[in-house]
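**Q** Spelled out from the first residue to the last, the chains are:
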Amino acid sequence: MIKRGLTLVNAMHITASVFINDDERGLHADYEEWLEGLAPHEPVGKYRHNRTGEDNADAHMKRQVMGREVVVAVTDGRLDFGPWEQIFYGEFDGRRRKRVLVKIIGEQVATDHGSPPR
Amino acid sequence: MIKRGLTLVNAMHITASVFINDDERGLHADYEEWLEGLAPHEPVGKYRHNRTGEDNADAHMKRQVMGREVVVAVTDGRLDFGPWEQIFYGEFDGRRRKRVLVKIIGEQVATDHGSPPR
Amino acid sequence: MIKRGLTLVNAMHITASVFINDDERGLHADYEEWLEGLAPHEPVGKYRHNRTGEDNADAHMKRQVMGREVVVAVTDGRLDFGPWEQIFYGEFDGRRRKRVLVKIIGEQVATDHGSPPR
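Chains as they are written, first to last, in our numbering: chain V, 1 to 118; chain W, 1001 to 1118; chain U, 2001 to 2118.
What the hints contain is simulated information worked out from the structure, not anything from laboratory work.
None of these values were measured; they are calculated from a predicted model.
It is possible that part of the hints are untrue.
[As the list claims (entries may be wrong)] Estimated spans, in silico, between C-beta atoms of each pair:
1) U:D2076 x V:Q86: 28 to 34 Å
2) U:E2042 x W:H1028: 46 to 52 Å
3) V:R51 x U:F2081: 40 to 46 Å
4) U:E2032 x V:A110: 49 to 55 Å
5) U:D2023 x W:E1032: 16 to 22 Å
6) W:R1004 x V:P83: 28 to 34 Å
7) W:W1084 x U:E2032: 42 to 48 Å
8) W:R1097 x V:D55: 42 to 48 Å
[Stated by the list, open to error] Here are some chain U residues the structure puts well away from chain V; computed CB gaps all over 10 Å:
9) R2004
10) P2040
11) R2048
12) R2051
13) G2094
Beta carbons are placed, not taken as given, at the ideal position from N, Cα and C, and that holds for glycine.
If we strip away everything but chain V, and leave its shape as in the complex, we get (with noise of 0.2 Å):
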């Protein structure tokens, strides 16, 4: 168990994105709209990073605006969390397999895993 420590949650992808928020679909829905007007995926042309052949420059700005990463606080084994905090992962491109990186360091503690509930 870690007694106190820090937690790295990252996405892998340089498409998506790992971020706090709310769990309301409704607020999804909404980034994923706001988003799009910030950086728009059409005229695919107008990016010059799709001259390389993919179609996907707007994903690479909507990562940036949400975040690659985020890091919780450990205490006694939990991560501390605010009343309405939850981790997600957004994906902006969706032609990928997610991939999430999780790093935990801090001071361990010894537990019991051994004994018997009493």
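Put chains W and U on the given structure of chain V with help from the hints.
**A** Just chains W and U now, with coordinates in the frame of chain V:
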């Protein structure tokens, strides 16, 4: 004292941000105006999230632009700041008690708290 | 060598960013153009911050979109990168010396620096 470590500072509310920038009043007013342009509060009906009875969908967006958290290095008990870096809390909905989590991890060095000043 | 840890990389200037994305020249040109659309440099008089005698308010905004810092996991002495992840420094004002802070924390493993190659 922490000899070498990291400090996490994060907002505990999902319509708020912790960010590092300049302590200049004009800039902070600029941020407010700029964020209002990127994610306008009105018309509140254009956001699906607001159908839940809230009217703060825009605040959830503003918080993503400004970020949830900062991580700052610690050396010999002090935050490693650049020349103008300061930590700010931004609340974009404005109706909640501010709550910030601060977590410091690293190698601790024993300090002699009991010694009298010389 | 760090067996298991975290690396913080942050810009020390508040008009600059450290971010992780693709090493593709077209994409970086797209970022510049996109950020200029989100926070135009001109007219400089529209930003209150610029009344201080500076003309870089837009750079303070661009930096918030792209982020101040990244945190990257370390395992067995290596950064845990996804397949295309690379760390970049972006300066949006352009008039300062670049300064980046790198802080690595974690469990150290003794390495035998003295042994000759076999």
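**Q** For each hint, tell me whether it holds in the structure or not.
**A** Status of the hints after comparison with the structure:
At roughly 31 Å, the beta-carbon separation of D2076 (chain U) and Q86 (chain V) lies within the given 28 to 34 Å, and the hint holds. Taking the beta carbon of each, E2042 (chain U) and H1028 (chain W) are about 21 Å apart, not inside 46 to 52 Å as hinted. Range check, R51 (chain V) to F2081 (chain U): about 25 Å between beta-carbon atoms, so the 40 to 46 Å window is missed. Taken as a hint, the range 49 to 55 Å holds for the pair E2032 (chain U) and A110 (chain V), whose Cβ atoms sit roughly 52 Å apart.
Separated by about 35 Å at the C-beta atoms, D2023 (chain U) and E1032 (chain W) break the suggested range of 16 to 22 Å. Here the CB-CB span from R1004 (chain W) to P83 (chain V) is close to 33 Å, well matched to the stated 28 to 34 Å. Checked against the given bound of 42 to 48 Å, the beta carbons of W1084 (chain W) and E2032 (chain U), roughly 23 Å apart, lie outside it. Distance hint check: the CB atoms of R1097 (chain W) and D55 (chain V) are about 45 Å apart, consistent with the given range 42 to 48 Å.
Non-interface call for R2004 (chain U) relative to chain V: violated, since the shortest CB-CB distance, roughly 6 Å, does not exceed 10 Å. At the 10 Å boundary, the C-beta of P2040 (chain U) stays outside the reach of chain V, the nearest C-beta of that chain being 14 Å off. Distance to chain V confirms R2048 (chain U) as a non-interface residue, since its nearest Cβ pair spans about 23 Å, more than 10 Å. For R2051 (chain U), the condition that its CB be more than 10 Å from all CB atoms of chain V holds, with the nearest at approximately 28 Å.
Residue-level check passed: G2094 (chain U) sits 19 Å from the nearest beta carbon of chain V, beyond 10 Å.
Hints 2, 3, 5, 7, 9 from the list above are not met by this structure, while the remaining hints are.
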